[in-house]
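S.K.: Sequence:
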Amino acid sequence: MEIRVIFSHLEKCLVILMIVLDNFCVSYGNQCSFQNGKCTYEINLSNSNTECESKRTKIPMANENDLYGQNDEKMSRMQQDFHTVTEQHKNRIEELEASVQKLLRSAVAGPISQQVKARRVDEDQVIIGTLPHGTINHSESGLLKKLYDEFSNLRTRLHKRTSQLLDTESKLNETTHLFTKAQDELLDQGEKLMIAEHKVATMEQERYILKNQVKHTTEQFKELQIRFNVTDAKVFDLENQLYTLVRSESNLKEELGLYKWKLSQVEKAYGILQGNYSGLQQKLNKTEQTLQKAEFDLMECFTAKTQSFCGFEDDKVCGFTQEGEKDDFDWLRNVGKTPSSGTGPEMDHTCAEKKSGHYMFVEASGKNNGKKAILISPKYRGLKSQCLSFYYHMYGEHVGTLNVYTTTDFQTELNSVWRAYGNQGDVWIKSTLEIPKALARTGYRVKFEAVTRLGYRGDISIDDVSVDDGECADGAIKVQYEKNSTLTIDSHNLRRYKKFRDRMSRRRG
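Numbering (mature numbering (1 follows the signal peptide of the UniProt record, and there is no 0)), first residue to last: -29 to -1, 1 to 480.
Quick caveat, the hints were computed from the structure, so don't treat them as lab data. Worth double-checking, as some hints may not be accurate.
[To be verified] Pairwise CB distance ranges (calculated): (1) Thr403 with Gln245: 23 to 31 Å; (2) Thr188 with Gly228: 36 to 44 Å; (3) Lys264 with Leu227: 50 to 58 Å; (4) Thr188 with Leu227: 48 to 56 Å.
Think of the CB as a built atom: it goes at the ideal place given N, C-alpha and C, for glycine as much as any other residue.
Given the sequences, and given the hints that come with them, work out the whole structure.
M.R.: Right, here's the structure in full:
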């Protein structure tokens, strides 16, 4: 019974050993897998001893270092787990083998100690089946032999499995070496690829620069081509002009001969004119003397005329005229009171007692603000300063402005010499102006300008205009006059004669 119990234990141990071996390594052709707890490891073995083909999937360059680190870590962990599992299974098999031998020794040693105490059975004899036939029966001996054979097979299989594991480990090391080498090659290829990409980027930049340079050169070439066309056209025009000049050279020579002949004729005429110059010079001297005498006589005539008085009693108003273009209405000759009430004089100043004298006035009725009437005197002239006097009447609540100007034949602007504004009362008022010598010698006219305001009570009147030679009494207003602004008649004529004489002198010289 004890032996049967031992054999039952041995069968259980064999089952456990087979399970352990089955769990330890399962091989399918070129694939070997083994388990450790819940983890299963599968190893693909190559048919060749020198190459290990693997399909590599291209991954981005940015994650290759992380992938290589993970693969190295997994490979080292697999190798460590492989060695650990190998050692654990070896230890378990040795423990099972030791426990089986111990059970066999204990099972055999029991009957021997009871039946034959003098005999000792060696452990090796029990294992190899050399025990006496009388001690163990034939069935038990066959069972032990079978058990020994199974152990032998297990040893053989274990040795074979161990050899396969060693081969697998060798191939795994070789695969790891090849994988590391492939990683290094991949890194080298990545570096080369990066260098190539950098070169490509540099070449792209250089190509862009060259493209811009070619574009700029093309534009310059087009501009130069345009300039060349313009220059070519100019050269063509110059050639045509040169051809025209060459053709017209003969015509120019003919014209030059004609002008030379004309020059000789002009020189002959100049000689004749130069001969007549002496006679003209004598006539010029006589003409200057005649002009000086005529000027003196004219001055005396003007002096006689300016020693006069104008009371506007004649119909021609002493030569006074109306402005035709620069005013809005005219002065009127009147006797007695003006038509409007509350304005204007009752009578003139010259014949006040008789109330039959005449005067000049402007009618303000029906006139808008700023309307003008201008009365121009005859031309006055003298050899020295003169005294100009006149009477004015400005009465009414709507009276405007009375302006007095002097002007010459050589002035473009009026010279304002006197002004009165507003209501001056119902009286005739005298005003005196002293004319300077330069203005008297030049010759001047006096302009009386009346400017209306809005309203009918604004009549303005003048009377008794007098011009006398000599300076005025104290209190007269001196008229300002710039001598350089105009030229007198005599000086103007004399300068014309002097210029003509100088021109003739240069021709004679």
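S.K.: Of the numbered hints stated previously, which ones are contradicted by the structure, given in increasing order?
M.R.: 1 and 2
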